[in-house]
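Peer 1: From first to last, the protein sequence lines are chains H and S. Each position in the first sequence, counted from 1, maps to that position plus 885 in the numbering used here. Each position in the second sequence, counted from 1, maps to that position plus 885 in the numbering used here.
Treat the hints with caution; some may be incorrect.
Just so you know, same-sequence chains aren't split out, so a pair can sit in one copy or run between any two.
Said to hold, decoys possible - Derived DSSO-like pairs: lysine-lysine, alpha-carbon spacing no greater than 30 Å straight-line: (1) K1087 - K921; (2) K912 - K1014; (3) K1158 - K1014; (4) K929 - K912; (5) K898 - K1087; (6) K1087 - K1026; (7) K897 - K1026; (8) K929 - K1150; (9) K962 - K912; (10) K962 - K921; (11) K898 - K921.
Note that these hints are calculated values from the structure, not bench results.
Number of protein chains: 2
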Amino acid sequence: MTRAELIRQIKKKRSFLCVGLDTDITKIPPFLLKYKDPVLEFNKLIIAATADLCVAYKPNVAFYESRGASGWECLIKTWELLPVDCLNIADAKRGDIGNTSSMYARAFFDPSSSGMGFDAVTVAPYMGKDSVVPFFEFQGKWVIILALTSNTGSADFQNITSDTGFQLFEQVIQKANAWGNIENTMYVVGATRGEAFAIIRKHAPDHFLLVPGVGAQGGSLVDVCRFGMTPDCGLLVNATRSIIYASNETDFADKARVEAQLLQKEMEAELVKAGVIV
Amino acid sequence: MTRAELIRQIKKKRSFLCVGLDTDITKIPPFLLKYKDPVLEFNKLIIAATADLCVAYKPNVAFYESRGASGWECLIKTWELLPVDCLNIADAKRGDIGNTSSMYARAFFDPSSSGMGFDAVTVAPYMGKDSVVPFFEFQGKWVIILALTSNTGSADFQNITSDTGFQLFEQVIQKANAWGNIENTMYVVGATRGEAFAIIRKHAPDHFLLVPGVGAQGGSLVDVCRFGMTPDCGLLVNATRSIIYASNETDFADKARVEAQLLQKEMEAELVKAGVIV
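Let the sequences and hints guide you as you build the complete structure.
Peer 2: And the structure:
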């Protein structure tokens, strides 16, 4: 999905919601356990209940990988279910030396190799340029680079100030800006650090940001938008647990829709406030 | 495998060789393509040809993942083949927020969940403490944290000097030393940066180091040992391409053995020189 198409979907759906599919087989409603692949059935119903309210889905690869080869089958089948009018993000946090990152890129971008062709993958920047650029070799795909994450441990290294006066996450953005462009690069910036969006926007005024941490992790949507929204919106705000685990009963998909709708309405108000839509 | 057992194997086999299983289906001898799973057949013969010469195997997860669910099946079956007298390392470079890292830990450490129970997994530290500690929750396992990697891009961030005067890779070691201990933590340090081992040993005098970059990537075994070896050896030096792709013919396993033997002999000489063995 191109940047222009993503912006078009945001304006059309009046939403910049990304729904995280961190589907844990031990947390889904018990009545689903009768299905051959309960996680897939869960995902199918969550997607059906939320597809008109969000512009992106983000399966968290770890939750599938933890179930071995059958988990990968489920991830592939989940990818097949994802609607074409939503950006499909593999949240994988991969990154390795060049020839290995090329293999990870194939895993998530090349259906002829792996069975999956996500639009975007999250990438960890610790190993530097040659660990990231192989992901850019796939045309029309997005590389979403970790900058400032939503967890408490993010302060351990991401906030280290170098002798140039910039924090590590700023240097990641400064360097990565030269590896890709605003048509193929996003940054991960946690919602739990609302004030940091002002710093981020100094370095990446136009990039889309993927923002986890609203909801269960405690981030404020209003703060994120105040400091992070651009004339093109420039934000994909992810919510996972508050939506997908809204109920543990047979009504889980309806309840997920209610939660997604609440967020969509808040997002619509922010988009109007910022003049992205009228 | 405990640290004491690893040291015992190093002394017994007179080797600290780790064989990388970055098995690329497009690079293996064509005659293997007649098998149902050519990569598994290749791995089986490489393992049989080298098991007495090395103390560790390190499948590179990307190479399996790139082939989707069938690649994961192959990774699981490869893990089943790995000998018990060798440390089995999943080279996965994972790391995410706590609940997600727990899932990655299950993927590689918990056979009841994923079908695999590696002894060790490589972890990327960018997201800090809570992204790493879930891997320590599995008793008897090793967490191998990226410190200073072997690729050119490593200089982009790992060598950034902070206002405390330490480079990022030094701060990773300083902090991670407090998360685990020498019985359950190793660091990745690329052989391409021989002189850096002196700095590493100031921060981690006793930790085992996993050292990629000898062979195809150009690192010097002699330099690594001069600056990095401890009285317990303290090194696992990985070689991949020089061993597993030593020949593209039916003799590939024999040629792999010859290459592994050359490295084992060099390693034996270094172990004797350092007084680790007589």
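Peer 1: Now tell me if each hint is right for this structure.
Peer 2: Evaluation of the provided hints:
no.	hint	result
1	K1087 - K921	neither (49 Å within a copy, 54 Å between copies)
2	K912 - K1014	between (38 Å within a copy, 25 Å between copies)
3	K1158 - K1014	neither (38 Å within a copy, 38 Å between copies)
4	K929 - K912	within (16 Å within a copy, 38 Å between copies)
5	K898 - K1087	within (28 Å within a copy, 56 Å between copies)
6	K1087 - K1026	within (25 Å within a copy, 43 Å between copies)
7	K897 - K1026	within (22 Å within a copy, 50 Å between copies)
8	K929 - K1150	within (23 Å within a copy, 56 Å between copies)
9	K962 - K912	both (20 Å within a copy, 29 Å between copies)
10	K962 - K921	both (13 Å within a copy, 23 Å between copies)
11	K898 - K921	neither (33 Å within a copy, 47 Å between copies)
Comparing the model with each numbered hint stated earlier shows that hints 1, 3 and 11 do not hold.
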